[in-house]
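There are 2 protein chains.
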Amino acid sequence: MFKTVEWKKTGVVMIDQRLLPDKVVYRTYKDYKGVANGIKDMVVRGAPAIGVAAAMGLALGASRIKAKNLKAFKREFQRISNHMKKTRPTAVNLFWAVERMNRLMDESGDLTVEELKDRLVEEALRIHDEDIEINRRMGRFGSRLLKHGSTVLTHCNAGALATAGYGTALGVVRSAVEEGKKIKVFADETRPFLQGSRLTAWELKEDKIDVTLITDNMSGYMMKKGLIDAVVVGADRIAANGDVANKIGTYSVALLAKAHRIPFYVAAPTSTVDLNIKTGDDIPIEERSSDEVTHLRGKRIAPRGVKVKNPAFDITPAWLVTAIITEKGIIRAPYSWGLKRLFVGKV
Amino acid sequence: MFKTVEWKKTGVVMIDQRLLPDKVVYRTYKDYKGVANGIKDMVVRGAPAIGVAAAMGLALGASRIKAKNLKAFKREFQRISNHMKKTRPTAVNLFWAVERMNRLMDESGDLTVEELKDRLVEEALRIHDEDIEINRRMGRFGSRLLKHGSTVLTHCNAGALATAGYGTALGVVRSAVEEGKKIKVFADETRPFLQGSRLTAWELKEDKIDVTLITDNMSGYMMKKGLIDAVVVGADRIAANGDVANKIGTYSVALLAKAHRIPFYVAAPTSTVDLNIKTGDDIPIEERSSDEVTHLRGKRIAPRGVKVKNPAFDITPAWLVTAIITEKGIIRAPYSWGLKRLFVGKV
Chain L
3 MFKTVEWKKT
13 GVVMIDQRLL
23 PDKVVYRTYK
33 DYKGVANGIK
43 DMVVRGAPAI
53 GVAAAMGLAL
63 GASRIKAKNL
73 KAFKREFQRI
83 SNHMKKTRPT
93 AVNLFWAVER
103 MNRLMDESGD
113 LTVEELKDRL
123 VEEALRIHDE
133 DIEINRRMGR
143 FGSRLLKHGS
153 TVLTHCNAGA
163 LATAGYGTAL
173 GVVRSAVEEG
183 KKIKVFADET
193 RPFLQGSRLT
203 AWELKEDKID
213 VTLITDNMSG
223 YMMKKGLIDA
233 VVVGADRIAA
243 NGDVANKIGT
253 YSVALLAKAH
263 RIPFYVAAPT
273 STVDLNIKTG
283 DDIPIEERSS
293 DEVTHLRGKR
303 IAPRGVKVKN
313 PAFDITPAWL
323 VTAIITEKGI
333 IRAPYSWGLK
343 RLFVGKV
Chain R
3 MFKTVEWKKT
13 GVVMIDQRLL
23 PDKVVYRTYK
33 DYKGVANGIK
43 DMVVRGAPAI
53 GVAAAMGLAL
63 GASRIKAKNL
73 KAFKREFQRI
83 SNHMKKTRPT
93 AVNLFWAVER
103 MNRLMDESGD
113 LTVEELKDRL
123 VEEALRIHDE
133 DIEINRRMGR
143 FGSRLLKHGS
153 TVLTHCNAGA
163 LATAGYGTAL
173 GVVRSAVEEG
183 KKIKVFADET
193 RPFLQGSRLT
203 AWELKEDKID
213 VTLITDNMSG
223 YMMKKGLIDA
233 VVVGADRIAA
243 NGDVANKIGT
253 YSVALLAKAH
263 RIPFYVAAPT
273 STVDLNIKTG
283 DDIPIEERSS
293 DEVTHLRGKR
303 IAPRGVKVKN
313 PAFDITPAWL
323 VTAIITEKGI
333 IRAPYSWGLK
343 RLFVGKV
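These protein sequences, in sequence, are chains L and R.
The numbering used here applies: residue 3 is where the first sequence begins, and numbers increase by one.
The numbering used here applies: residue 3 is where the second sequence begins, and numbers increase by one.
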C-alpha cells in the first residue's frame with residue numbers, strides 16, 4: 003500500500019500525486035519550504051492530507067531552527083507558520099494543523115528548545131496517526147448509510163490519497179466493503195486536475211473495489227438512468243451553518259442529486275469544520291492558474307490566449323446536504339446545532 | 003474564414019476537427035467510404051454538418067457508380083445510402099439528408115444515369131447552401147431572446163464547425179452581435195471530445211466574440227454567482243414531444259439552469275426534428291470508445307484497465323426547455339403542437 007505523507011529520518015516524504023497513475027514517485031523534502039511548495043503545487047492535496055503535511059512541514063522547519071533561546075525559537079517558528087499558511091486558502095485543515103502545532107508550543111511550559119523540537123515532531127506524527135484512526139471511525143458510521151448492492155457516486159478524491167490513509171468519502175466505501183457489502187463506485191473524472199480519473203479510480207482499483215470512470219458531465223445522465231443510489235464526497239471546509247466547500251463541481255452534483263432524490267453525504271473529520279465561518283459565502287475560494295484548464299499533461303487543448311475561469315472549489319449550501327458523516331457520528335439538519343455539539347463532546 | 007464541409011472537383015473536403023485548434027488541416031475524400039469514415043471518426047461532427055457531409059458523400063458515391071442502367075444504379079445507390087446511415091446513430095440530420103437524396107432520385111422520373119448524377123450533386127450543394135441560410139434565419143429569431151449585455155452559456159459546439167457555416171446556437175450569438183448587442187459567451191469545455199475548448203472557444207475567438215472557457219463542472223458555480231443570463235445549445239435530434247437529444251452533459255446544464263431560473267434555449271433546424279420519435283426515451287444514444295475518456299490527445303489520464311462509461315449524448319426532457327429556436331420561428335410548450343406545425347407551414 004502506498005503512503006500519502008510520511009515522516010522519515012531523511013525528511014518529509016510524499017507521493018507525487020501530479021504524476022499518478024502513470025508513475026509512482028516519492029519525493030523527499032528536507033526543509034519546510036519544500037513542503038510548502040509541495041502543498042501549493044499539489045504534490046499533496048486533499049484537506050486532511052494537507053493538514054498532516056503542514057504539521058510535518060512545521061516539525062521539519064522547527065528541527066532546523068538554529069536559535070538556542072526559546073524566545074528566538076518561537077519567533078522563528080511563527081515565521082515558518084505564516085509561510086505555511088500562505089500555501090492554499092480554502093481547506094481549513096491546513097490552518098487547523100498549524101494552530102494545533104502552535105498551541106502545543108504555547109502550552110509546553112519550561113521545556114528546552116531541543117525538547118520542544120522533539121515534542122513538535124511527536125505532535126505531527128500524532129496528527130498523522132489520528133487522521134487514519136478518525137477515517138476508520140468515520141467509515142464505520144458512514145457505512146450504515148450504504149445498503150448492500152448500492153452504487154455510490156463520488157467527486158474528486160476523498161480517499162487514502164487525500165488523507166494520511168483510508169480516506170473520508172472512500173473510507174466510508176472501504177468500511178462498507180470490509181463489512182461484506184457489495185458496493186460499486188462511479189468516479190467523476192474531476193477536471194481540471196483529474197483527481198477522479200487519476201487518483202480515485204487508481205486507488206480503488208488497487209483495492210479491488212468495483213469502480214467505473216465517467217466524465218463530470220455524465221453524472222446527471224447516470225442519475226436519471228437510476229444507476230446512482232447515493233453520493234458521498236469529502237470537504238475542504240464546513241461552515242457553522244453546514245455549507246460545504248469542496249472541489250469545484252460538487253455543488254452541481256449536489257443539485258443534480260437533489261433533483262433525482264438521491265441522498266448526498268459529506269464525509270469529513272471535525273478538523274474540517276470551521277465554526278468561525280458563519281456561512282459558505284465567507285469561505286475564500288482559491289482561483290488557480292488558467293493553464294490547468296487550457297493544458298493537459300503539458301499539452302495545449304484550447305486556443306492560445308483564450309480567457310479562462312478556474313475556481314478550485316465551490317460551495318454546496320446546507321439544504322442540499324442529506325447528512326455530514328464525522329468521526330463522532332452522523333449529523334443531520336439543523337447543522338448549526340449538530341456541528342456545534344461536535345466540539346462540546348457528544349453528537 | 004474556414005470551411006467545415008466543401009464540395010470540390012477533387013472530392014469532399016473537410017476541416018479535420020480532431021486536430022483543432024492546434025492544426026488547421028483540410029482532408030480531401032475521394033470516395034463515399036472515406037466520407038463515411040470521416041463522419042464516424044469525428045473528422046466532421048455536429049448534427050447539421052453531418053447531414054451536409056452525408057449528402058455530399060452520397061453525391062460523390064453516386065458519381066463513381068459504374069452502372070449504365072437506372073435500375074442497377076439505384077440498387078447501388080441504395081447500398082451506399084445504407085453504408086452512410088451506419089456511421090452514427092443519434093443525430094437525425096444524417097438520416098434526413100440520406101432520405102432527401104433518395105427522395106430526389108425516386109422523384110426524378112425518366113432521367114439518364116448521368117443526368118441523375120448531376121442532380122444528386124446539385125441537391126447536396128443545395129443542402130449545404132440552405133443550411134447556412136437556415137442558420138442565419140434561426141439566428142435572427144433567436145437574437146430576440148438575448149438582451150444587450152447578456153452572457154450566454156453554451157455546451158459543446160453548435161457553431162460554424164457543426165454546420166455548413168454560421169452555426170445554430172452560435173448563430174444566435176453571432177446574429178445578436180451583428181445587431182450590435184454586447185454578448186459574452188461562457189463555453190463548457192465538453193469532455194471527453196473537448197468540442198467546447200477546442201472548437202467553440204476557437205471559432206468565437208476567430209470571430210472576436212468575447213469567450214471564457216470553463217470546465218464542465220463549473221457551470222453550476224457560474225450560474226449561482228449570477229454570471230449566466232441564458233443557456234443556448236444545439237440539438238442532435240428533437241422528439242415529437244420536445245425532448246432534446248444533445249451532447250452528453252446538456253441534461254445536467256438544463257437542470258442546473260432550471261434550478262437557477264435561467265432560460266434554456268435549443269437552437270436547431272427543422273431537419274433536427276423527428277416526428278417519428280414520440281419521446282426522448284426512444285432516441286438511440288451512441289456509446290463511444292472508452293479511450294476517449296481514458297486518453298487525451300493520445301496520453302493516458304486514467305489507470306490501465308479501468309471500467310468506463312462513455313455515452314456521447316443525453317436527453318433533456320421538454321419541461322426543462324424554455325424555447326426551441328428554428329428557422330421558421332420560436333416554439334414554446336406545448337411542443338407536440340408547435341413542432342407538428344413546423345411541417346405544415348407556419349409556426
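Accuracy of the hints is not assured; some may be wrong.
Because identical chains share one entry, a pair is satisfied inside a single copy or across any pair of copies.
Below, in silico cross-link-like pairs of lysine-lysine (DSBU-like), each with a Cα-Cα straight-line distance of 30 Å or less [stated by the list, open to error]: (1) 207 - 35; (2) 226 - 342; (3) 70 - 183; (4) 32 - 260; (5) 311 - 210; (6) 32 - 210; (7) 342 - 210; (8) 10 - 87; (9) 260 - 5; (10) 207 - 280; (11) 186 - 10; (12) 227 - 280; (13) 342 - 68; (14) 227 - 309; (15) 226 - 311; (16) 226 - 280.
Hints in this document: simulated from the structure, not taken from any laboratory.
Now the hints, each set against the structure:
Taking CA atoms no more than 30 Å apart as the test, residue 207 paired with residue 35 passes in neither setting, with 33 Å inside one copy and 40 Å between copies. For the homomeric pair residue 226 and residue 342, the shortest alpha-carbon distance between copies (27 Å) is at most 30 Å, but the shortest distance inside one copy (36 Å) is not. Neither within a single protomer nor between protomers do residue 70 and residue 183 lie at most 30 Å apart by alpha-carbon distance, with minima of 56 Å and 69 Å respectively. When the C-alpha separation of residue 32 and residue 260 is checked against a cutoff of 30 Å, the pair qualifies neither within a copy, at 47 Å, nor between copies, at 52 Å.
Taking the closest pair of Cα atoms, residue 311 and residue 210 come within 30 Å of each other only across two copies (18 Å); inside a single copy the shortest separation is 36 Å, beyond that limit. Taking the shortest alpha-carbon separations for residue 32 and residue 210, neither the intra-copy value of 35 Å nor the inter-copy value of 49 Å comes in at or below 30 Å. Taking the shortest Cα distances, residue 342 and residue 210 never come within 30 Å of each other, neither inside one copy (38 Å) nor across copies (52 Å). With identical chains, the CA atoms of residue 10 and residue 87 are at most 30 Å apart within one copy only, with a shortest distance of 23 Å there and 63 Å across copies.
Taking CA atoms no more than 30 Å apart as the test, residue 260 paired with residue 5 passes in neither setting, with 36 Å inside one copy and 44 Å between copies. Proximity of residue 207 and residue 280 under a CA criterion of 30 Å is satisfied in neither setting, with 39 Å inside one chain copy and 41 Å between copies. In the homo-oligomer, the alpha carbons of residue 186 and residue 10 never lie at most 30 Å apart, since the shortest distance is 36 Å inside one protomer and 53 Å across protomers. For the identical chains of this complex, residue 227 and residue 280 are inter-copy neighbours only, at 19 Å across copies versus 37 Å inside a copy, given an alpha-carbon limit of 30 Å.
For the homomeric pair residue 342 and residue 68, neither the shortest alpha-carbon distance inside one copy (41 Å) nor that between copies (83 Å) is at most 30 Å. Only between protomers do residue 227 and residue 309 lie at most 30 Å apart by alpha-carbon distance; the minimum there is 18 Å, versus 35 Å within a single protomer. Proximity of residue 226 and residue 311 under a CA criterion of 30 Å is satisfied in both settings, with 29 Å inside one chain copy and 14 Å between copies. Proximity of residue 226 and residue 280 under a CA criterion of 30 Å is satisfied inter-copy only: 19 Å between copies versus 34 Å inside one chain copy.
Taken one by one, the earlier hints fail for this structure at numbers 1, 3, 4, 6, 7, 9, 10, 11 and 13, listed in ascending order.
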